[in-house]
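These are the residues of each chain, in order.
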Amino acid sequence: MKKVLFATTALIATASVAAADVRISGYGRFGLDYNDANDRAVNGVSKTTITSRLRLQFDMSAETDSGVAFDARFRAQSESRDNVNQGSNPSGAAFNGARFGVSYQGFRVNVGNIIGAVENMPGLYLETRTAGIGIDGAGFVSNVGNVNGEYFNWDAYSSAGFGVNGIEALYSTGGFTGHISYSTRNGAVAVDRFGVMLAYTFGDWTIAAANQSSDIMWEDKTLVSVAWDGGQFGARVAYADNDGISKFGIYGNMDIGSASNLLVFYTDEDAVDAGDVLAGRNDNRDAVAGSNQQEGGSYGIHYSYDLGGGASFEAGYRRASNDNDTFQAGVYFSF
Amino acid sequence: MKKVLFATTALIATASVAAADVRISGYGRFGLDYNDANDRAVNGVSKTTITSRLRLQFDMSAETDSGVAFDARFRAQSESRDNVNQGSNPSGAAFNGARFGVSYQGFRVNVGNIIGAVENMPGLYLETRTAGIGIDGAGFVSNVGNVNGEYFNWDAYSSAGFGVNGIEALYSTGGFTGHISYSTRNGAVAVDRFGVMLAYTFGDWTIAAANQSSDIMWEDKTLVSVAWDGGQFGARVAYADNDGISKFGIYGNMDIGSASNLLVFYTDEDAVDAGDVLAGRNDNRDAVAGSNQQEGGSYGIHYSYDLGGGASFEAGYRRASNDNDTFQAGVYFSF
Amino acid sequence: MKKVLFATTALIATASVAAADVRISGYGRFGLDYNDANDRAVNGVSKTTITSRLRLQFDMSAETDSGVAFDARFRAQSESRDNVNQGSNPSGAAFNGARFGVSYQGFRVNVGNIIGAVENMPGLYLETRTAGIGIDGAGFVSNVGNVNGEYFNWDAYSSAGFGVNGIEALYSTGGFTGHISYSTRNGAVAVDRFGVMLAYTFGDWTIAAANQSSDIMWEDKTLVSVAWDGGQFGARVAYADNDGISKFGIYGNMDIGSASNLLVFYTDEDAVDAGDVLAGRNDNRDAVAGSNQQEGGSYGIHYSYDLGGGASFEAGYRRASNDNDTFQAGVYFSF
Numbered sequence: 498m499k500k501v502l503f504a505t506t507a508l509i510a511t512a513s514v515a516a517a518d519v520r521i522s523g524y525g526r527f528g529l530d531y532n533d534a535n536d537r538a539v540n541g542v543s544k545t546t547i548t549s550r551l552r553l554q555f556d557m558s559a560e561t562d563s564g565v566a567f568d569a570r571f572r573a574q575s576e577s578r579d580n581v582n583q584g585s586n587p588s589g590a591a592f593n594g595a596r597f598g599v600s601y602q603g604f605r606v607n608v609g610n611i612i613g614a615v616e617n618m619p620g621l622y623l624e625t626r627t628a629g630i631g632i633d634g635a636g637f638v639s640n641v642g643n644v645n646g647e648y649f650n651w652d653a654y655s656s657a658g659f660g661v662n663g664i665e666a667l668y669s670t671g672g673f674t675g676h677i678s679y680s681t682r683n684g685a686v687a688v689d690r691f692g693v694m695l696a697y698t699f700g701d702w703t704i705a706a707a708n709q710s711s712d713i714m715w716e717d718k719t720l721v722s723v724a725w726d727g728g729q730f731g732a733r734v735a736y737a738d739n740d741g742i743s744k745f746g747i748y749g750n751m752d753i754g755s756a757s758n759l760l761v762f763y764t765d766e767d768a769v770d771a772g773d774v775l776a777g778r779n780d781n782r783d784a785v786a787g788s789n790q791q792e793g794g795s796y797g798i799h800y801s802y803d804l805g806g807g808a809s810f811e812a813g814y815r816r817a818s819n820d821n822d823t824f825q826a827g828v829y830f831s832f
Numbered sequence: 498m499k500k501v502l503f504a505t506t507a508l509i510a511t512a513s514v515a516a517a518d519v520r521i522s523g524y525g526r527f528g529l530d531y532n533d534a535n536d537r538a539v540n541g542v543s544k545t546t547i548t549s550r551l552r553l554q555f556d557m558s559a560e561t562d563s564g565v566a567f568d569a570r571f572r573a574q575s576e577s578r579d580n581v582n583q584g585s586n587p588s589g590a591a592f593n594g595a596r597f598g599v600s601y602q603g604f605r606v607n608v609g610n611i612i613g614a615v616e617n618m619p620g621l622y623l624e625t626r627t628a629g630i631g632i633d634g635a636g637f638v639s640n641v642g643n644v645n646g647e648y649f650n651w652d653a654y655s656s657a658g659f660g661v662n663g664i665e666a667l668y669s670t671g672g673f674t675g676h677i678s679y680s681t682r683n684g685a686v687a688v689d690r691f692g693v694m695l696a697y698t699f700g701d702w703t704i705a706a707a708n709q710s711s712d713i714m715w716e717d718k719t720l721v722s723v724a725w726d727g728g729q730f731g732a733r734v735a736y737a738d739n740d741g742i743s744k745f746g747i748y749g750n751m752d753i754g755s756a757s758n759l760l761v762f763y764t765d766e767d768a769v770d771a772g773d774v775l776a777g778r779n780d781n782r783d784a785v786a787g788s789n790q791q792e793g794g795s796y797g798i799h800y801s802y803d804l805g806g807g808a809s810f811e812a813g814y815r816r817a818s819n820d821n822d823t824f825q826a827g828v829y830f831s832f
Numbered sequence: 498m499k500k501v502l503f504a505t506t507a508l509i510a511t512a513s514v515a516a517a518d519v520r521i522s523g524y525g526r527f528g529l530d531y532n533d534a535n536d537r538a539v540n541g542v543s544k545t546t547i548t549s550r551l552r553l554q555f556d557m558s559a560e561t562d563s564g565v566a567f568d569a570r571f572r573a574q575s576e577s578r579d580n581v582n583q584g585s586n587p588s589g590a591a592f593n594g595a596r597f598g599v600s601y602q603g604f605r606v607n608v609g610n611i612i613g614a615v616e617n618m619p620g621l622y623l624e625t626r627t628a629g630i631g632i633d634g635a636g637f638v639s640n641v642g643n644v645n646g647e648y649f650n651w652d653a654y655s656s657a658g659f660g661v662n663g664i665e666a667l668y669s670t671g672g673f674t675g676h677i678s679y680s681t682r683n684g685a686v687a688v689d690r691f692g693v694m695l696a697y698t699f700g701d702w703t704i705a706a707a708n709q710s711s712d713i714m715w716e717d718k719t720l721v722s723v724a725w726d727g728g729q730f731g732a733r734v735a736y737a738d739n740d741g742i743s744k745f746g747i748y749g750n751m752d753i754g755s756a757s758n759l760l761v762f763y764t765d766e767d768a769v770d771a772g773d774v775l776a777g778r779n780d781n782r783d784a785v786a787g788s789n790q791q792e793g794g795s796y797g798i799h800y801s802y803d804l805g806g807g808a809s810f811e812a813g814y815r816r817a818s819n820d821n822d823t824f825q826a827g828v829y830f831s832f
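Those protein sequence lines, which keep their order, are chains C, V and D. Numbered per our numbering, the first sequence spans residues 498 to 832. Numbered per our numbering, the second sequence spans residues 498 to 832. Numbered per our numbering, the third sequence spans residues 498 to 832.
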């Protein structure tokens with residue numbers, strides 16, 4: 498058993514002779530997940546389970562004589578939630594679909610398992626290591642693009658699947674980033690998704706907006722965010738119109754001492770429009786009470802403590818608008 | 498095509514700057530397997546087939562400022578037995594479920610695809626490179642925990658599957674190791690397995706005992722072993738009560754010259770108890786003769802020759818208590 | 498994210514201390530595929546799609562004290578054709594079946610996912626980076642072993658599957674290579690494939706011949722090739738008798754300037770013999786016109802431009818004997 502990875506200083510010495518390379522990186526995270534939606538008598542899952550993920554990522558690259566660079570990425574991740582294997586293979590994990598890229602200075606084109614313009618919008622995910630609450634994101638209810646059971650209905654890099662096999666172009670200069678993406682599905686009629694995203698950072702501020710236009714019902718959406726990063730303190734607001742369902746969020750975080758960070762959020766989601774329901778939209782109505790389960794407020798709190806060496810302790814609680822409570826605590830380490 | 502792994506001397510130079518790393522290791526083994534249970538006319542498999550395995554293992558780790566270490570492991574292995582793919586994917590191999598660990602000095606906690614307390618008992622497996630006879634273990638009939646078709650019915654690290662998604666704690670100090678493990682399955686009623694193992698090494702001697710308490714029928718078991726390693730000679734006895742079926746084994750091995758080792762074993766297994774059969778226990782009774790096929794003695798012999806550079810020649814014959822004969826010979830190399 | 502692979506100069510420094518190692522290599526390729534056989538209204542696939550592949554290969558090796566070397570190989574490749582995942586896993590890619598080898602001087606024995614004697618014949622594939630036309634080979638109609646829908650019906654290394662689990666021996670000395678291979682399938686009756694290949698290179702010339710004898714219908718075949726490599730210019734002829742269906746091919750390529758190469762080919766395939774059709778052979782007859790679709794000429798042209806750093810631009814057009822047209826263009830980079 499021998500060491501594969503070397504630290505930065507060793508790399509500098511050889512960087513001038515390597516025209517093509519493979520980089521390996523990733524992270525492990527594991528902890529306990531309390532979820533009051535789980536109940537052995539109801540769904541066969543204990544209220545408290547192990548939540549874990551091991552991600553191993555391979556990044557390949559080559560640079561031509563003219564300075565144009567090619568790269569590709571895929572990853573394998575083994576994962577457990579609710580005491581069930583979430584990996585991409587019955588045994589654990591296979592590699593996901595690959596993303597290929599060509600880049601030159603600030604310009605980049607990707608094909609395959611693309612990032613996606615909406616997914617890439619700053620201010621969409623939480624400022625935590627998991628991009629959500631707790632160890633595994635706890636369902637990402639803080640994301641203003643997620644409403645009414647229509648979660649993650651935009652083109653995005655798939656960590657455990659083949660992805661949308663799309664194409665996208667990105668351009669960055671100074672604090673500005675522009676991003677357009679496109680994907681289509683096989684079938685007798687073209688079913689396309691177009692995405693566009695613009696972001697600008699000036700001083701402590703970042704503003705961003707994104708739009709997806711899709712041939713699939715209920716997937717047209719427009720999102721905006723404004724974030725302020727003042728060093729010890731950070732604040733953000735975000736809003737999305739998800740094909741008629743509005744959701745806004747407000748987010749704040751602060752460093753405590755030299756190693757801790759505390760984050761809180763609140764989001765509020767509109768009810769499904771009555772006209773949409775007539776048009777066939779699922780409104781996730783509560784079978785007993787008759788109320789829309791997703792409508793209303795969600796909130797959460799997350800605490801992080803840096804353990805050094807790329808490791809940290811992470812813990813978070815959140816209450817979703819459907820009254821689902823989760824609390825997770827565990828560790829996270831990168832390599 | 499470039500070299501990834503470096504030898505130990507190169508690692509020392511960089512160890513001080515690497516806080517997190519990935520290590521790659523594994524082995525290849527391949528050879529021929531003669532198994533008289535195979536017959537084209539009966540099960541469609543030739544009596545002599547290729548047996549092979551390629552294991553590629555990734556070990557990730559990070560160490561915090563306080564000296565607490567985190568680690569994770571998974572592996573991919575492509576394998577053939579009886580001319581059939583045994584890998585974790587129809588095409589060959591995917592990664593198995595991950596094991597995550599946190600350790601500090603002699604203390605360790607693992608979650609996920611755990612080792613398992615019973616599995617970790619010294620004196621359970623043969624003192625060969627395959628931990629059994631021949632190239633692929635030849636069914637591991639020498640293991641006193643394997644009886645009556647109830648093979649490997651304890652929590653153990655799964656090389657080709659997701660594993661039991663359990664939790665375990667280990668503590669080692671001096672020659673002592675203590676190990677407890679726990680796993681549960683989803684379902685309306687909790688189905689748990691608890692394991693405990695204690696081992697102690699003093700001078701040339703190692704004594705060990707383990708117990709599994711399971712909510713699944715026929716899985717409660719207690720195992721003990723005593724082993725003596727006298728350098729050129731080694732000897733061991735082991736005994737297990739497998740929910741009423743006793744099995745004991747005696748094992749001996751000796752070095753011959755500078756590169757060879759010869760190992761022999763004999764095990765004896767009790768018949769299934771009549772009361773157990775009434776209670777529904779399968780007794781693997783011979784359809785024609787009416788005798789219990791697993792009852793009685795198994796024996797085997799294994800020869801190993803060190804070829805240097807991490808490679809060796811391995812050959813072994815064993816006769817199981819059901820009169821099944823296998824002979825395997827081939828090579829094994831680590832990397 | 499840290500660099501794994503080092504360039505050659507770094508390796509030399511440590512080569513003397515490494516007895517066993519793992520090497521990682523591979524390539525990425527991606528581009529657009531126009532295929533007039535695709536039509537949303539007919540098969541649900543757009544005429545123009547992304548074609549891509551990411552291959553990650555692991556080569557393990559160990560060398561014994563006597564100089565006998567052991568090695569093993571497997572790879573994972575994520576791939577898309579016709580906007581459909583072609584990888585070995587629903588999510589993308591798993592590892593394929595492993596090939597194991599033992600070698601000493603010019604002699605080598607492999608088991609498992611073997612190369613195959615016919616597959617290894619020089620002059621069987623095109624002199625391009627994809628071994629065919631365009632980015633993904635465009636169906637490999639230029640290969641004289643591919644006739645009448647009986648494509649790739651010989652033992653060959655499988656990149657995305659488990660392979661034939663065979664055994665083969667190769668011997669090379671000077672310009673001579675000899676290769677025999679064997680595989681069998683499970684079943685009540687042995688179904689075997691034997692292959693043999695001989696090749697000889699002298700000066701600018703390489704001549705080669707191969708034969709497969711198979712217990713499966715329509716798989717007996719004999720192939721020959723003669724190739725001339727004159728530096729700036731290259732030429733080749735190939736011929737195969739595919740169990741009664743003759744196919745010949747003529748191939749030429751030339752360097753243009755310092756970075757470009759242009760290749761052209763023409764192949765001609767006989768019709769299926771009437772006696773064979775009576776014996777049950779599929780003749781791929783056109784449902785409307787009544788003519789044999791595979792019979793007759795195929796041709797193609799391929800252009801390659803070296804971008805440096807292991808990357809190149811590749812483009813190719815080919816027309817198959819069934820009047821199918823494809824044009825592909827994109828990039829290819831190795832790491």
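Treat the hints as calculated values from the structure; they're not laboratory data. Take these hints with a grain of salt, some might be off.
For chains that are exact copies, the list does not tell them apart, and a pair is met inside one copy or across any two.
Think about it this way: if two alpha-carbon atoms lie no more than 25 Å apart in a straight line, the pair counts; the simulated SDA-like pairs of lysine to any residue are [as the list claims (entries may be wrong)]:
#, residue 1, residue 2
1, Lys544, Gln602
2, Lys544, Asn779
3, Lys544, Gly807
4, Lys544, Gly754
5, Lys544, Gly675
6, Lys544, Ala776
7, Lys544, Asn781
8, Lys544, Leu775
9, Lys544, Val761
10, Lys544, Asp689
11, Lys544, Ala566
12, Lys544, Ile704
13, Lys544, Tyr531
14, Lys544, Gly671
15, Lys544, Thr670
Keep in mind that this is a model prediction, so the values were computed, not measured.
Hints, one by one, checked against the model:
1. Lys544 with Gln602: neither (50 Å within a copy, 32 Å between copies)
2. Lys544 with Asn779: Answer is neither: 28 Å inside a copy and 35 Å across each miss the 25 Å cutoff.
3. Lys544 with Gly807: neither (30 Å within a copy, 48 Å between copies)
4. Lys544 with Gly754: neither (34 Å within a copy, 59 Å between copies)
5. Lys544 with Gly675: Neither: 43 Å inside a chain and 29 Å across chains, both beyond 25 Å.
6. Lys544 with Ala776: neither (37 Å within a copy, 34 Å between copies)
7. Lys544 with Asn781: within (23 Å within a copy, 39 Å between copies)
8. Lys544 with Leu775: Neither: 36 Å inside a chain and 37 Å across chains, both beyond 25 Å.
9. Lys544 with Val761: For Lys544 and Val761, only the intra-copy Cα distance (24 Å) is at most 25 Å; the inter-copy one is 50 Å.
10. Lys544 with Asp689: between (40 Å within a copy, 15 Å between copies)
11. Lys544 with Ala566: neither (48 Å within a copy, 28 Å between copies)
12. Lys544 with Ile704: Intra 39 Å, inter 39 Å, cutoff 25 Å: neither.
13. Lys544 with Tyr531: within (6 Å within a copy, 50 Å between copies)
14. Lys544 with Gly671: neither (48 Å within a copy, 39 Å between copies)
15. Lys544 with Thr670: Answer is neither: 48 Å inside a copy and 35 Å across each miss the 25 Å cutoff.
The structure is inconsistent with the numbered hints 1, 2, 3, 4, 5, 6, 8, 11, 12, 14 and 15, although it conforms to all the rest.
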